[in-house]
Amino acid sequence: AQSVTQLGSHVSVSEGALVLLRCNYSSSVPPYLFWYVQYPNQGLQLLLKYTSAATLVKGINGFEAEFKKSETSFHLTKPSAHMSDAAEYFCAVRFSGGGADGLTFGKGTHLIIQP
Amino acid sequence: DGGITQSPKYLFRKEGQNVTLSCEQNLNHDAMYWYRQDPGQGLRLIYYSQIVNDFQKGDIAEGYSVSREKKESFPLTVTSAQKNPTAFYLCASSILGSPSVRGELFFGEGSRLTVL
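Those sequence lines, one after another, are chains A and B. Heads up: the first sequence at position 78 corresponds to 78 in the working numbering, and the numbers run straight through without jumps. Heads up: the second sequence at position 39 corresponds to 39 in the working numbering, and the numbers run straight through without jumps.
Read the hints as simulated data drawn from the structure, not as lab findings. Hints should not be assumed to be uniformly reliable.
Said to hold, decoys possible - To be clear about the criterion: a stretch of chain B counts as covered by chain A if any three or more of its residues have a C-beta under 8 Å from a C-beta of chain A, and this derived list gives those stretches:
#1 39–50
#2 107–114
As the list claims (entries may be wrong) - Only some residues are given here: those of chain B computed to face chain A with a beta carbon under 8 Å:
#3 90
#4 103
#5 104
Computed from a predicted structure; not experimentally measured. For each residue, glycine too, the CB sits at the ideal point set by N, CA and C.
My request is simple: use the sequences and hints to build the entire structure.
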């Protein structure tokens, strides 16, 4: 079955440190990949997306993600964490030829920024 | 400003009562979606619609119903048949087109339903 896995329900980093949030998918065909961010009691906002044009994708707020087909991964990174980055992050996948429309979301990673 | 409006933001209901959550968009998007969010579970698709008067079940449609009488509106009814309705409900929309474009969902602020 096609699935999305985010490793680590909670990730804690110090302000100024590297942020790395992991996302792996299971599919034999490269899908379309997305990262969304959610602040408390709000909807989700698109951070970036992979559409096969380039494997390194830059998004908003200094985030970027690299698509690695051999590892079936799409990890999200940011060189230097800010307090304002504290939020829930979701990896989402649109599988090619999938049944229902819409995206398949991972379970989310809560990013905690330590001062 | 264009966007998606969900109402109410917070809703309390007694067990066994039907509840309708409103979702309106002025983005002129064809596709609309309802997701349910539970802590540690991510988002799960309830229903989606790509055109007026047509909608499809998602992964967890049991106990829910929707309608799409207007392009701008996609209300969700949580019926008494839904076993565990307490959750955060998110409405989203997108334009139709390539799969990558469809993945760019625009979300409302959500409605938090608590069943007492």
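Do the hints match the structure? See the list:
no. : hint    : verdict
1   : 39–50   : holds (count 8)
2   : 107–114 : holds (count 5)
3   : 90      : holds, 6 Å
4   : 103     : holds, 5 Å
5   : 104     : holds, 6 Å
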